[in-house]
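Let's have the full structure, built from the sequences with the hints guiding it.
Top to bottom, those sequences are chains A and B.
265 is the number of the first residue of the first sequence in our numbering; add one for each residue after it.
48 is the number of the first residue of the second sequence in our numbering; add one for each residue after it.
Each hint should be verified, as a subset may be incorrect.
Taking beta-carbon pairs under 7 Å as the criterion, some of the chain A residues facing chain B (in silico) [as the list claims (entries may be wrong)]:
#: 1; residue: G295
#: 2; residue: F351
#: 3; residue: N360
#: 4; residue: F363
The hints are simulated quantities; they were obtained by calculation from the structure and are not laboratory data.
Heads up, the beta-carbon is just placed ideally off N, CA and C, and yes, glycines get one too.
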Amino acid sequence: GQSLEQPSEVTAVEGAIVQINCTYQTSGFYGLSWYQQHDGGAPTFLSYNALDGLEETGRFSSFLSRSDSYGYLLLQELQMKDSASYFCALGNYGQNFVFGPGTRLSVLP
Amino acid sequence: NAGVTQTPKFQVLKTGQSMTLQCAQDMNHEYMSWYRQDPGMGLRLIHYSVGAGITDQGEVPNGYNVSRSTTEDFPLRLLSAAPSQTSVYFCASKPSGSQETQYFGPGTRLLVL
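Right under this line is the structure:
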């Protein structure tokens with residue numbers, strides 16, 4: 265089977281940079297996605313890596329290393345509105361997805 | 048475009064009752080899926096479909112049925128509700144050729160007493 269691990273909570277101050285890690289175990293996958301979810305809301309897509317390396321989308325970047333079974337989401341210039349839960353998810357060749365347990369980010373003033 | 052819509056927003060059931068959670072999308076996406084999310088946890092895939100007439104099981108399919116008669120609709124049926132099915136249910140869709148973005152509906156909060 266597949267499994268993903270994320271830290272349960274991360275705290276940072278406004279304006280700072282924070283990295284949310286995701287380690288996974290799988291025999292194969294297509295890519296790694298990241299989603300944001302505010303309390304009571306639906307998950308929304310942030311970033312995706314099919315290949316090793318860094319993908320940058322505005323203040324958000326995501327990194328993947330297949331050899332290390334590791335990825336991370338980097339959030340720069342943190343804002344209060346970034347306080348939310350963040351999920352990594354493996355996308356499989358069979359078109360199904362497995363999500364990590366999520367990391368709750370708290371941004372302090 | 049309305050995107051992905053789900054009804055109802057909230058539902059209370061008694062143990063043993065059946066019900067259907069509705070999901071519709073107007074983006075002509077071939078792929079649709081159902082997830083459940085329990086408090087403080089990630090999303091777990093229940094069932095998914097890569098096109099009309101095609102469905103497959105996800106990680107936690109027991110107690111749920113799906114069908115896909117049209118591209119737009121993907122209803123989730125609870126056959127005999129149990130308290131363990133108390134959860135928030137999300138429907139999602141994406142183009143089949145894309146491995147990237149899934150578009151999620153607003154969710155249905157289900158309480159089984």
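Okay, which hints does this one fail, numbers in order?
Violated hints: none; all satisfied.
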